[in-house]
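Enquirer: Dock chain B against chain A, hints included.
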Amino acid sequence: MATYRTLTVPLTLLLSLAAHASAADSLPLQQWIKQAETILRGDTSAAIMSMKIKKEAYQREYDLMVLTDDRAESSKVLIKMLGPALWRGNATVKVDDKISFYDPRNSRVTVMGSSMLGDNWMGSHFSNDDLMRETDLSRHYDYQLLQQQTGQEEGIGAVRHYTIKLSPKPTAPVAWGKVVYQLYLDGQQRAYPKQLDYFQRADDAQAARTLSYSALKAMDGKTVPTRMTMLLPAKRGEFTEIEYRKLKFNVKVSAENFGERALQ
Amino acid sequence: MNAIARIAFRNLGRNRRRSLITGAGIALGVGMCIAVLGIMEGLSAELINGTTDGQLGHIQVHHPDYLSRRQLLKTVQQAPALSEKVAAQPGIAAVSGRLYGWAYLSYRQRAIGVQLLGVDPVHEGAVTRMPRQIVAGGFLPAAPTPWPAGKQLTEAQAAQDRALTEQAIASAFDQIEQLDAAPTAAAPAGLAAQTQAIVEQIAPTPSKPPAVVLGNKLARNLGVRPGDLVTVLYENAQGAQLSLQVQVVGISRTGTDLLDRTRALLHLADLQQMLGLQEQVHELAIRVQQPQQAQALAAGLQQVLSGGQDLSVQDWAALRPDILALITSNRMLMGSLVFIVFLIAGSGVLNTMLMSVLERQKELSMMKALGLSAPGVTWLVLLETLLLTLLATAAGLVLGLGLILYLQQVGWDIRSFGEFSLSGVEVAPVLRAELTASGVVIPLVAMWLIAILAALHPAIRAARISPALGMRSA
Chain A
1 MATYRTLTVP
11 LTLLLSLAAH
21 ASAADSLPLQ
31 QWIKQAETIL
41 RGDTSAAIMS
51 MKIKKEAYQR
61 EYDLMVLTDD
71 RAESSKVLIK
81 MLGPALWRGN
91 ATVKVDDKIS
101 FYDPRNSRVT
111 VMGSSMLGDN
121 WMGSHFSNDD
131 LMRETDLSRH
141 YDYQLLQQQT
151 GQEEGIGAVR
161 HYTIKLSPKP
171 TAPVAWGKVV
181 YQLYLDGQQR
191 AYPKQLDYFQ
201 RADDAQAART
211 LSYSALKAMD
221 GKTVPTRMTM
231 LLPAKRGEFT
241 EIEYRKLKFN
251 VKVSAENFGE
261 RALQ
Chain B
1 MNAIARIAFR
11 NLGRNRRRSL
21 ITGAGIALGV
31 GMCIAVLGIM
41 EGLSAELING
51 TTDGQLGHIQ
61 VHHPDYLSRR
71 QLLKTVQQAP
81 ALSEKVAAQP
91 GIAAVSGRLY
101 GWAYLSYRQR
111 AIGVQLLGVD
121 PVHEGAVTRM
131 PRQIVAGGFL
141 PAAPTPWPAG
151 KQLTEAQAAQ
161 DRALTEQAIA
171 SAFDQIEQLD
181 AAPTAAAPAG
191 LAAQTQAIVE
201 QIAPTPSKPP
211 AVVLGNKLAR
221 NLGVRPGDLV
231 TVLYENAQGA
241 QLSLQVQVVG
251 ISRTGTDLLD
261 RTRALLHLAD
271 LQQMLGLQEQ
281 VHELAIRVQQ
291 PQQAQALAAG
301 LQQVLSGGQD
311 LSVQDWAALR
321 PDILALITSN
331 RMLMGSLVFI
341 VFLIAGSGVL
351 NTMLMSVLER
361 QKELSMMKAL
371 GLSAPGVTWL
381 VLLETLLLTL
391 LATAAGLVLG
401 LGLILYLQQV
411 GWDIRSFGEF
421 SLSGVEVAPV
431 LRAELTASGV
441 VIPLVAMWLI
451 AILAALHPAI
461 RAARISPALG
471 MRSA
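Same order as they appear, the protein sequences are chains A and B. In terms of the UniProt record's numbering, the first sequence opens at residue 1 and continues consecutively. In terms of the UniProt record's numbering, the second sequence opens at residue 1 and continues consecutively.
Chain A with its partners taken away, still in its complex shape (with noise of 0.2 Å):
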């Protein structure tokens, strides 16, 4: 792991564009992923957001209910949709390591393993891991600050933004080669995340895709990104977008939320 030095940084330097990773050291970079990963779901959360997905072959709108619960160490994820017509009612769960896909036409609920969790979620440029979070970016990696500077963000005001790079620790069980990670601190030292590069290999030049997040808005009392999109550089013009209409965080769910019973 890293050598802790101590320098004694002058405030003008700091405020220069650039500082490195040896003053970086100190700064609690996992706890700042962890806040900033978080950010749209606390301990528990129900949402009802738009997805509207863009690809060569087809485009489409999705609106959805996302109940998730964190409060156990493996999560709780429920993702109903409301429309359009064809997938009314259809719903995703996942519960431990098993992931559950019902369908209303015809009453079934398909159990499938933890295998499909690299699959996209109904054909947008989301994985079923990316939704259900199952891979937690403030653990499994070592994290490194490459950037950080000053800036401002509509909503909040000043900011410092940092750029940080995650490497997967060698045992980890995860599927990207390197995360370069872009979030920012408000005055109270919130951390909001703004923009994610997954790259296939350590030594990649292009990512394979970029999630940013915009659209700063107040929900249930606390200031979040609203927006989310996913793209993939080498496929141009293709993009997912998750917009949040609605949010509301600590909400009382129970095992029974996530059961067969709510699917139906």
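Hints should not be assumed to be uniformly reliable.
[To be verified] Some chain B residues close to chain A (C-beta under 8 Å, calculated; not the full set): (1) A111; (2) D180; (3) T195; (4) T231; (5) E235; (6) L324; (7) L326.
Bear in mind the hints are in silico, worked out from the structure with no lab data behind them. Since the structure is predicted, the reported quantities are computational estimates derived from the model, not experimental observations. Glycine residues also receive a C-beta, built at the ideal position from the N, C-alpha and C atoms.
Expert: Just chain B now, with coordinates in the frame of chain A:
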């Protein structure tokens, strides 16, 4: 000349036992080689047939990028017209279109990832054995499942759908608000029914569950029997995840583990409907009348099909280079075996002739003294060898042909060694030999060459005998 031939023939008879043992060695070598080569040819033919008749066909047509990534949208367009065009070409026996897809098949609590393969039950049987690989139940019915075509929503219906979505969103809002209070919120009445009506219009369900044939290991792992209903969860060409009930009508067994574990067969038209790829296929499998002409016919087809959509035409050897390599390596292995057998037979010949020359030093010296030239002596020894080889190979030929005939009719049962599958191609439990010209000519010619080479040294040695010295010694 005639006299030399007569002497040579008589000399063979002088030490009958030695000639007989050497001759028997040659005959046995030639006979066994012919039989082994026949078995090898039979195995190669079996491999080729197993490959082409099992699933491959002799020639296949694809979208040029399909085989490398197997993407759903890389299809052959206007498949029916194209099939007819291909079938009309000379030398083509049958054409069958196929469509591939991936899905989760679930039955009760079990789900398994499978490959969906849509085939045309009528034409497929003319190209491969697929319809005859059924071990329980039956094959797919010839007619596709009656399936009404989907219709676009009208403006009003689309508006209704949006309204229903808004209604569902509002209800979800309520549900979220009530999460902290009352445990459940009932969905608005009528929402499900109205949704059902809209869905039935854009994506109608078939009037009965489409038929599916599962691999035997897949069926066993899922625990299904013919007649059971299973759910297919799949993604169509528009990236929409959908699920559908299908009925198992039969269980197939190909002998190839991967296919038996993961393949689910559907009617081509049913799968086209499911995936939203009407009139499209991923593959045209073609049977030709003369398998040997597959490569030439493939090249011809590539010419004929150029100009339209971009297509790639390949013969079985190009599609399964591993099978071709396997056959080639088998041939090389057998070639070295034949070589070793003949080397042993050749050393037998060398030994026999050398012995007989050394034994007859006095006699040969006398012949030389009486005026037989040195080349004459060489010729005499060579002729003896040739005569012996000729007679022995004739016996060997009879033995070999007899063995091949037996192996052709009865075959060699290898079931006691267990089930065989080479490069994923199941080999028949009874090996059958195949008679080819090269399988007979190669052992014969090789034997003659080796025998002559082996006799050269004794023959030259005999020619070099000095008559005076030779008569005095011995």
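Enquirer: Now tell me if each hint is right for this structure.
Expert: Checked hints:
{"no.": "1", "hint": "A111", "in the structure": "holds (5 Å)"}
{"no.": "2", "hint": "D180", "in the structure": "holds (5 Å)"}
{"no.": "3", "hint": "T195", "in the structure": "holds (5 Å)"}
{"no.": "4", "hint": "T231", "in the structure": "holds (5 Å)"}
{"no.": "5", "hint": "E235", "in the structure": "holds (6 Å)"}
{"no.": "6", "hint": "L324", "in the structure": "violated (34 Å)"}
{"no.": "7", "hint": "L326", "in the structure": "violated (32 Å)"}
Comparing the model with each earlier hint shows violations of hints 6 and 7; every other hint is respected.
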